[in-house]
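Visitor: What the sequence shown shows, in the numbering used here, is residues 1 to 465, in sequence order.
No wet-lab data here; the hints were simulated from the structure.
Mixed in with the good hints, there may be bad ones.
[Unchecked claim] Quick list of in silico lysine to aspartate or glutamate cross-link-like pairs, DMTMM-like style, CA-CA up to 20 angstroms:
1. Lys444 to Glu131
2. Lys444 to Asp236
3. Lys56 to Asp266
4. Lys110 to Asp236
5. Lys342 to Glu131
6. Lys353 to Asp343
7. Lys127 to Asp266
Just so you know, these numbers come straight off a predicted model, no measurement behind them.
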Amino acid sequence: MMSDTKKDNQAIMSPPVFSDPISNEEETIGQVRDLTDVEKARIQDGAAHFNRLGWKRLTVVLIVEAIALGSLGMPQAFATLGMIAGTILCVGLGLLAIYSSFVVGQVKLKYPHVQHYADAGRLMMGKFGYELIGVMFVLQLVFLVGSHTLTGTIAFLKLSGGGTCSIVFGIVSALILLLLALPPSFAEVAILGYIDFASIILAIGVTIIATGVQRSEIGFASDWSAWPAQDATFVDAFIAVTNIVFAYSFAICQFSFMDEMHTPKDFVKSIWVLGIIEIVIYTLTGALIYSFVGQGVQSPALLSAGNLVSKVAFGIALPVIFISGSINGTVVGRYIHGRVYKDSVTRFINTPKGWISWVALITVITVIAWVIAEAIPFFSDLLAISSSLFISGFTFYFPAMMWFMLIRKGSPFAKENLVWTALNAVCFVFGIVILVGGTYSSIKDIMHSYNTGAVRGAFSCGSPA
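Could you put the whole structure together from the sequences, leaning on the hints where they help?
Guide: As structure tokens, this is what we get:
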């Protein structure tokens, strides 16, 4: 087993090379002929094209990937957990996510050839880890595209007044996500990032102001509480916690994004800027909208602003729904495409074959995401099961394992390591608790929703919950 792991680690550290000007190696893996001049030019152009991210652009790309649907579930999480617990968890989990993201970045710096999260799995657990984390990586990102498809459906239904079958709007949402996911470079996505960030800030701002004005017109305080809701069950509490966990899921794509950085060591600036922005936005969104609306707050939170203002807010939020959703499709597409064509110029997506295979792959990913959105047509539970099964690992227990297995120097019980050992142990235990308790709660709540008729059936024209 140890020898297998060693071989797999060597595979990460010594990737296949081409016999071109980029490498002086004589031996080429997976290739039986010399490259033509055209192919050499394609490889050089492709390598340059996918190496353009600086730390500022990385911050924008991370914001596009991270600050989206998570913020829309915060107020309902606060309603379940109470103002005190909600605030503590928002800030605490945000700081923990910043730390775990720092560990991920350290792994990338130490092992520069790690291109995606699955490659780190190979370093820790050999071929089994590579395949396991690869499957989790693909499923999580497809689930994310599905959740954005569902949110787009909810937005279009709200904007149209519900006059059209929701399946139609689901297909429209999927098509928009497909088109936006077609540009394969993250540097290109960064251009849309500014629109994306402005969109979510304005949508949340409109909702906060509207709910505040409505509360002042009513003339008395809402029924918000500092403590957990009296009728909250174990399942309700775990759903709320996993909705907060979902909001801090940016580590999953970090290897992929850092692989395009021209100065990877600058990643620390990006994760601190992103982490602080997330903590502030999520805490204020959850606390303010919950305090204005009270226990009746809905998820997504934009639904709580009243009929007219909700339409305005959803209209403003359309860019973030689709831009943030599409980047997840791009990341998973890059992983699969790069794995299939790892020893071919096709992987750079700058040849006819590269583009045809890329478009076909993104189409398949989007169709699967649409099926998931139709099969689990309720917002909070879709976020919860995604967080429990996958984000619990990518944000918490996998980074903790990386520290123990790949980053740590010396004994975990050495004096200089005690604090870090404790911190990573907390990350690991918390991730496992979310994996077990969150998955159980999500499944129970989904079954309960279907049994009680609280949501529409799968692949039906009713409005999603």
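Visitor: Below or equal to 20 angstroms on CA atoms is what counts here, so check Lys353 against Asp343.
Guide: Since the Cα atoms of Lys353 and Asp343 sit roughly 14 angstroms apart, the hinted pair holds (cutoff 20 angstroms).
Visitor: Taken at face value, is the distance from the CA of Asp236 to the CA of Lys444 at most 20 angstroms?
Guide: Between Lys444 and Asp236 the Cα gap is close to 10 angstroms, so the pair holds against 20 angstroms.
Visitor: So if I understand the rule, the pair passes when the alpha-carbon distance is 20 angstroms or less; does Lys56 with Asp266 pass?
Guide: This hinted pair holds, its Cα atoms lying about 9 angstroms apart.
Visitor: For the pair supplied as a hint, Lys444 and Glu131, confirm whether the alpha-carbon distance does not exceed 20 angstroms.
Guide: violated (29 angstroms)
Visitor: Check the hint pairing Lys342 with Glu131 against an upper bound of 20 angstroms on the C-alpha distance.
Guide: Given that 20 angstroms is the threshold and the Cα spacing comes to 16 angstroms, the pair holds.
Visitor: Keeping to a limit of 20 angstroms between CA atoms, is the pair of Lys127 and Asp266 held or broken?
Guide: violated (30 angstroms)
Visitor: Does Asp236 sit within 20 angstroms of Lys110, going by the straight-line distance between their CA atoms?
Guide: violated (41 angstroms)
Hints 1, 4 and 7, counting from the list given before, are not met by this structure.
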